[in-house]
Amino acid sequence: MGVRIPEKVRGEVDRRFRSGESKATIAKAMALPYDMVQRLTPKIREAQIDEQIKKEAIRQVEQGESRKRVAAAMGISASVVGKWTKHIQTEKRPDERLTEIIMRRLEAGESKVSIAKAMGLTIGKVQYLTPKTRERSVDEDVREQAVRRVENGESKKAVASGIGVSVSTVNNWTQHVKKVEHIPRDTKEELMRRVRNGEKPTDVARELNLDTSYACYLASSVDADLTPEQYKRIMKAFQEGRKYVQIASDLGVPTRIVRSVIGHKTTKKQRYSDAVRLAAIRAVESGKTVQEVAVEFKASRAIVKKWFDAAVAGGLAKPPQVLKAKSEDKDFLWITRLDPELEEWRVFVAEWMNGEKTNLSGKISAITGFIERYLVARKLPKKPADLLLRSNIQQDFYATACSHQQAEHGIRINNCIHVFLRWVLRTPEFADTSSGEPITLPMFRNPVPELFASGVAKANTESDKVVLPYWMISDLRRRIALGPNFRDWCWVRCLQGKLSVDGSNEGPDWFEVEESHIDKNDPDCVWRLRQRVGQDPVLEMWSPVRWVAVLVQLQIPSRVGQIRMVDSGEADTFIWQGGKFIPNKGSLRTGTARNPRRQGVFRRPDPEDETMGATVAIFLNSNKTNDIGRRSGAKGMVCPWPRMNDLADDPYYWFAKLRDWQQKYNPISRLTAWRDLPARRALTVKAEEKSNEYPDTAFLFRTPETPTEAEWPLTSGMHKKAWRKLLAAYEEILQTEDVTHPDGSPIRLINERGQPASSPHATRVSLITHMILDGNVPPEMMMKIVGHSRFIMTIYYTKPGLKHIQDAVLGAVERLDAKKDENLTRDLAGLRMEQLRDRVVFNAADPATVLPVNPSDRNPLGWLYLHDGICLAGGNTGPVPDNASVPGCHNGGPVLKKAGNDVKKWTFGQTPGGVRNCARCRWKVAGTEHLKGLCATFNNRQYHLHKAGEQVAAGERARNDILKEKARTESSSQPFNRASDLRAAERMLEASAQKYNELTLDIVNLYRTIERINALPNNPDGPTALVAQGDLLTLQTVVEETDSELLVLAGMIADLEFYPDLEAGTAIFEFAQILDRAFEREREPMAFARMSEHEKMTAANGFMRALENHINPDNPILARRHVVEILDRQASIEKTLGIKLNNLLPQAGPSDNKPVYLRMVNTEVRNDDDMCCAS
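For what it's worth, full-length UniProt numbering labels the leading residue of the sequence shown as 1, then goes sequentially.
Worth double-checking, as some hints may not be accurate.
To be verified - Keeping only pairs whose Cα atoms sit at most 27 Å apart, straight-line, the calculated DSSO-like set for lysine-lysine is:
| hint | residue 1 | residue 2 |
| --- | --- | --- |
| 1 | 520 | 585 |
| 2 | 243 | 200 |
| 3 | 243 | 298 |
| 4 | 357 | 330 |
| 5 | 83 | 54 |
| 6 | 23 | 330 |
Please keep in mind that the hints were generated in silico from the structure rather than gathered at the bench.
Given the sequences, and given the hints that come with them, work out the whole structure.
Right, here's the structure in full:
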């Protein structure tokens, strides 16, 4: 059945052919088979073209114009012009300047391949411009030697390798040489016979000691005796797309025979019918990807794309709609593109997301995981009703779709999907809404349970990043800003892009401009005329935008996103100019003197601050989560950063410089709304209502190098790429200048994967750290500078004035500059490992496996401070995807596999005892100040060990009772019916025994740690010692055996109040019961029975403290022992001590005691009050 061809197509083919196009060109342009074009033009033998056009084309070609340009100008095909002018001999004119450059590099010793690679040319172009240059440089004696050796029987490859020339050159010299193999006739016949039997020619050649290439040459003339059936099977398998080796293996014939059969067969390119082509074009037009269509129609991706492009060019198909990114696809059409059967899910997702206003990017990520990694990857039901049906058991979402995430992040994704499905179950399709409040129908349920993050600590996402030392930050500032104008920034201009023909960099920060756009007298206007191969030169201007952003990142401790989104102030009422605020005369000016617009990066201080000498501050128009709930004008933060004397350190100078540059070379006619920004340009993915809360902005870091997006701010990707290029170039400079670590090892700023070892955010951490530690800036002032809502370690809060903060920062910068060399020594050298061994105790056998030997690699910001030590892994409990070397509980055990001397490549086991078992984790260290907490942990584990021992004894008794019953039953020849009970008893015994064993090992390790701390020297650095201050009696540790469970409980409950990380178990309830029995003995109602667990703990501790204070206020430890002795005897407290218990309850308040504080005292000049504890 034939395909009806539209008249429109027939007419277009006829028109194109009569205009001079060849049939092949028409078929290619209109995506039609060549034979169809021939059928549509059966009687057309020659195109009717005006003779005048033909003469004009011949004349232009004779004058030197290329045939292709003549054809394009006259609207006819190049093949027609080629036929008319085939008698004309044209001579190509190579670029003389380009040839000169290539010849100069070739004479310098470079190979043609390296020249082509360096100059961005093809190897053919270089060979064309340097004809036979290599051959001319070879001595004639060498040529004669090569010919003689080939004539003597050596292979051309061996000769070329021996004399140091290419094989192609030897081939050119020895084309006349006919190589003759002198082998006996019987050997040749043996070779032919064995090849016919199916053996490989190379194998036979090796056995017969023949040249393998010559053996293959002889074997090529051998044809196997194939049956017609074998021949058909070979051809059928080949048409199905199977490989030669597979066909030969299936048929049991040599691969050479298969190649010979297929090679002798005249193969044609696969032809597709017009119906198939049209169906493929329509499929791509409907929205399917080219790859999906290629798989569906069993064609290559390239040919499907060729069909569709030709159909679009011929007007037979519409171009496909540009697909939106997931973060911009508000209708979530990507779900149905993934699988059309998920349309119901798409509707639910779009409706739910339309009502969400916060954390949209996180919710989109969670929905993506639910659809792609759960529904599609696990081939679960495509209909919501089937998935949510109670009778259908589904796979665990967290285990299947979130296990590759960190624990905390995976729980957030799981809970997000839980909330989404809970919303779905409250829709009319799944709930009864007749009463107003939706009630989910009983046949449906939420298959994703909500998870809680108990015991999951927040991972330190910057733990594997190097914090740059201050000397390095200061040096980078001065290398970027080499002078007061952008024309002086010659180093960073050459960091991006590949090298072009004229030696300049073809980087993304250069953009094409018209000559009228250039101001040659402006020192901030950097321009060039860049030469191009085969094209006209192009006039370009350099954009300093991304490099000013990097410089500012090195100057102030702000987030990258805050810097990217700042307002230039072009629309403010007053503008910062020449060191003061003046009225803005620009066309974008808004506001009045009474109600001015103040959204620019230059913020005028309040009158109170101005009277104290403050002149200007930095305004950042976004401040992360602190913006939540604030009105439009109140968003953002003021960074009270002072003006610096050195231009390389002064952000105000470069803010003003870039603002003036943007006004002149990238002006805007209106402000930009945040809601109009695409996801890659925005700060984060925000709901439209949230974006509307930010005022329209004249972004300072606009990118004129992207002409279609010139008014939009710098993307995060642009900033990261510039940062990576900067560190890579700086690392080379450090190596050139021989700047190394103290041990002589090179400083690495780029890791093995080519990524920066220090993130841009790490400069913020570095500046904060150095300002506080080295610049002596108080933390409460740094809180104002960096825009934190709180500091974890800030104890008090003040409201210092703007000028006071600026003076403090200015003084800190001066102190940092004065101590720059000292900082280098401290950051790169620091304390030696031998010094650390006198101060702390490591759980690890080798401290170098948990703490870098090089102190510059240590990052205290990534450590977690515990009550009984320090976790060097930052409390991380799980591995980071694609980076198992990140410290955490997953690698806190012993070493399993060593890989050289690099500890980072070693493999460590999990922490013994499981997650959060810090007692045996190698990442934990402790010092003298942790003795109190260690003793509390030791007593806590001792109590749980006692309880575990009771469980082991009870489990063993239960198992033995069943075994005795089994023995009695079997001895009486009766069946034993309690086999399942026996297995359950054995499992319970094994579990309790395992817990008992783990606790025993924990206690042994804790005791060893305490003993090692006691053995530390008292004065490692001189005549000083650590002593306790407060009301705690001693730091001496003694392991004492006691028969009183109450004494253990009393001490353990007291510790729980100070150290909530300790595990309570049933101790609080048991202690409260003992005290309640004391009340019952006095015929008083129970005081603790109705309290919650926390109330029991607080009240019981307060009650014991009141008793102890009544008995012996000077020695509470002895008083506690006296109280415990009375309670253990079950004696009456009222009769023994003469007090009423009910009178003590009002005194049972929270403890005023504080955890132990340690301070350094001079042991040579001390008094008795200093040494308040025994050693």
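How the hints compare with the structure:
| no. | hint | verdict |
| --- | --- | --- |
| 1 | 520 - 585 | holds (26 Å) |
| 2 | 243 - 200 | holds (18 Å) |
| 3 | 243 - 298 | holds (16 Å) |
| 4 | 357 - 330 | holds (13 Å) |
| 5 | 83 - 54 | holds (10 Å) |
| 6 | 23 - 330 | violated (47 Å) |
Comparing the model with each earlier hint shows a violation of hint 6 alone; every other hint is respected.
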